[in-house]
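Could you build all of it, start to finish, from the sequences and the hints given here?
Just so you know, the sequences run in chain order A and B.
For the first sequence, our numbering assigns the number 1 to the initial residue and increments by one for each residue that follows.
For the second sequence, our numbering assigns the number 726 to the initial residue and increments by one for each residue that follows.
What the hints contain is simulated information worked out from the structure, not anything from laboratory work.
DSS-like mimics (lysine-lysine), calculated; alpha carbons at most 30 Å apart, straight line:
no.	chain 1	residue 1	chain 2	residue 2
1	A	K316	B	K764
2	A	K96	B	K767
3	A	K92	B	K766
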Amino acid sequence: MAPKRIRARAVSDDPEDLARVPLQAVLLADSFTTRFRPITLERPKVLLPLVNLPMIEYTLAWLESAGVEEVFVFCCAHAKQVMSYLENSQWKSLPKFSVTTIESHNSISAGDALRLIYERNVIHGDFVLISGDTLSNMSLTRALQEHKERKKKDSNAIMTMVVQRSKPSPITQQSRLGTDGLFMAIDPTTKQLLYYEENTNHSKGTLSIDKMLLVDNTSITLHNDIQDCYIDICSLEVLSLFTDNFDYQHLRRHFVKGLLIDDIMGYKIFTHEIHSSYAARVDNYRGYDTISKDIIQRWTYPLVPDVLSLGNSATKLERQGMYRSSEIGQSRSAQIGPHTVIGTGTTIGSNTKITNSVVGKGCTIGSNAVIEGSYVWDNVIIEDECELRHAIVCDGVVMKSRSVLKPGVVLSFKVVIGQNFVVPPYSKVSLLKQPTKQDSDEELEYADNNSDTLDSATGTMDKLNGDPLLEFSEMEHHVSSELGYGGVGYIWSLCEGSHEEEWRHSVAPIPAEKLAEITQVIEDDLELVSQDSNAPASSGELKPDTQINAEDDAVYFEKEVEATFLRAVNENVEVDHVILEVNSLRLSYNMQAADCAGAIFHSMMKLALDAPHSMQNELLRNVHNTVNAWQKLLKSYLPGKDEEIEVILKFEEICLESVKELSPLFTQILHLLYDKDIITEEAIEDWESEKKDADEADRVFVKQAEIFLQWLREAPEEDDEEDGE
Amino acid sequence: MDQTSRVLQIDLYYDLGESGGRLLIMPDVQTLVNELLFKLKKRKIEGSHATARQTAILLRLVISQQRIPYTHQAAALIDAVKAVGEQLVAANPVELAVGNIVRRVLHIIREEDLSLSTVAMVGLNVSAVSDDEGDTDQDDHPVLSAAAVAAASRNTLRPPSLQTLLEDLPDSAAVPHTSSSGDDSEGKSKSADKSSRSRRLKHDVIEAVNELIEDISTSHEQIAEQAVEHIHQNEVILTLGSSRTVLEFLCAAKEKKRSFRVFVAEGAPRYQGHLLAKELVARGLQTTLIADSAVFAMISRVNMVIVGAHAVMANGGVIAPVGLNMVALAAQRHAVPFVVLAGSHKLCPLYPHNPEVLLNELRSPSELLDFGEFSDCMDFGSGMGSPLLHVVNPTFDYVPPKLVSLFITDTGGHNPSYVYRLIADYYSTDDLVLQRKPAPVN
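Next comes the structure, spelled out in structure tokens:
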């Protein structure tokens, strides 16, 4: 009884009979990204077929088999389609498994979704957080048990992330699912997640982590071979955290990182590694390709076509991983190769070759066609002698005879490709016109983030292979009105600089030339680094991230303080209020009192400088006035000598760098500060002694202040004498 | 006593089915059917024993809640069972026990109907008194009498002369009934008798299905009872993987104070042999665990191989956990008896030349190797767009009948060549193909 009571106290939200609460899950039926455009303009991502079954079908099947009893499906984009699909699906009629849809039209991120779910107050305990494009066959029991036990011991252990080993490719640095490199630091004994960094692929070997990580933890393992499965077991606190931090949007980029950085609340995230089970999320076209093939290879058993097949169209597994549904009209001379799935009611003409591909329901494939590594969805008509290599072809597409799809092509719904037309590699074709500019609201900041890193990374790449690609995009512009004779649809032009991403994330295997190029680039970079390690080539991306952040933070902080100060001056805000505001800024940027003092002093000098003045004297008077007016503010950040020295150093810096005008007045102002008791004698003395060993250049102001310093040194003696007398 | 209580329980079911309207009751059955379908589909029920039991229980419910018309009662029941059965078989075609049980229930319906109609024939021909007599008779030995009639009538696998002789009997019995149903004036007098007959048909069928469920539940014990006849003092027994039947069999011999040793091959890749070894040790048996690949090395010291099966085919071949064919070959090489234990629900009336039957379940390759460790070998991103490493994990082996020395079922030991005869006892040839459209009445 005793431990139970403790737990009940520690976890205030959970009732004592935690065990009897049905396991709930939140399924986000929206990925909040645009990776699958143009297809997702017409159909939500979760309903896209993955080996002839909508992705959400896999997710729900797993949740059901893992013992989840209540699923809340959060629909956002194309909510109606998702809801009507679920309404007609088998999941609605199952006992002990309820699927409830939650519709929203203004959510633009996972964060918004979770906030809405929190408002609805439907989640009552631990829940599984998953997105509708994730599939797995892992057993939740172990992970759940671990999570609950940890929670019992430590109420701050609010989340368990499921991870899996997966080595990134040594050349492209991306995982087999096409996601960018991921770097994690995990405590090997407790499995606590200590550090999480995405998009590490371009940092080529350097990555800086906070040294406090090493100080605080006795042992720590660093991984770049771990894949995030995007399956999280969360406690109720996660939802309330999202509500408290209204700026959390992305689950990983904001929430996980936010929790890891934030040491005030002390929330902890743990990992659960799965070994033999399978878990993966369809993040991009390459992931789509890889996961499809994993399904065909039965890694996801029992989520495989012959077991999952819906309705009466029983799919049978034949030799060498061939899955064939019933009622297939196949010509005798057609060759269907290994690892191929053919849907119901599809007819295949003579001498057609299909290998490593998935063909949906009701397709008509003519004779002498070649389909290799492609994904052909339902009701597609492929006429004679067409060639498809590593392409995705959506529902209702018509390919006229002898048309060709080059690797990486995506044809969205109902596109018609004209006769003899060759669709160039990596192009995306849709009936809908490309949105003229990327809607920044939808893209969200993390999308921008992404392109930033990519841009900086592609710098070198583009130089190398820029020319042929430029030709391509020109060609695309040229033909974008027409897809050959009788063609219908628009070829979306690729944004400049995104070619890099195209081959990285397409279904096509990475061309050998490309691999060779990258290897070459890496080698060159390595040489550069070894030759001149102080100045790495075109170095933006090579700089450790956190340092940039620290510097950035300092600059931002100073600006913010200045803005606050100016507002205070203009609006006559009381000093106490200003102190409050600056304090809050200080907390949010994690700064020291000395930084505040420096920043405030800086702003004061700026203010004095901005006031009209023509002569040195006038400037000095301005400074005098400002200091008089705001000395209380400044003093409140000067609890000790160190801060005062900081102010002097800052002053020096100002005089040297930003405001040369002030430099002649250095001594006077220093004297002024001394008179006002802002800076004590000791601080000035320490500053002087600190500067003794410095370079000549650094000692300019010491020299300038020599007389003042001497006066200072003599003054106390006089005082003493006076006192003595 | 036990029997009467069961009868009461059945009556309860039966009354529910009669009194409740079809609309009220049918959805309930449908949800239960869907539930089992779902479980089968998602491979949530493991093992033919559990599958068989659940199938039988579900079919009993289907029968008890099926409203029966005044004519063609048997046909109505057969249709209902077939409709459900077809779905169940399609849900997991690899689990042959489902089909077996569906066919056996169909067989039961046919037999009961046949025995009733012969009794009715006799009653009509002789007098009304015989009806009561028949009734008591039925209650005492329902299955025996049914089996007796069936044996006399339905065995198409018998020599043709006998079959043709007896096949005429039900046909002639069926003809007057169908004609009488259309004729109102004649049928009026028989209607009371008919309704009681329909009640009785259902009653008898449910009774017989109950027996079937009972048989399935007790099949382990039935087989285990024969253990002492086969396992002798100081023998060495080899088995592979884990089977509950084998475990019970060995333990039964142990309980009878036989002392013997057991070699357990671990049964890669699921390693259920480990579990079996643990269980055996817990029951105090001297156990040795060996790798599957060591079977050939050890077989010369073995007196007998005893294994379980997934299904026994009509020709005496066995569908068994992967690795058993190798064990059977090793046993043949050293002339060690290869004994297969199989409950009667595992007897499948199909022949293994049928591709439907030889479907093997390919399970997840992750049982063989850790996906995370080998994920770089499964990379599709480069090269030909297809990985160089494929991992295949079949569940079953087919052991041909010539490698099997003996089958031990709940009815005793049988030669592989006798299996077809056993099957003829349990199944009627009309039901071999379940997908066929409703069979002609009787």
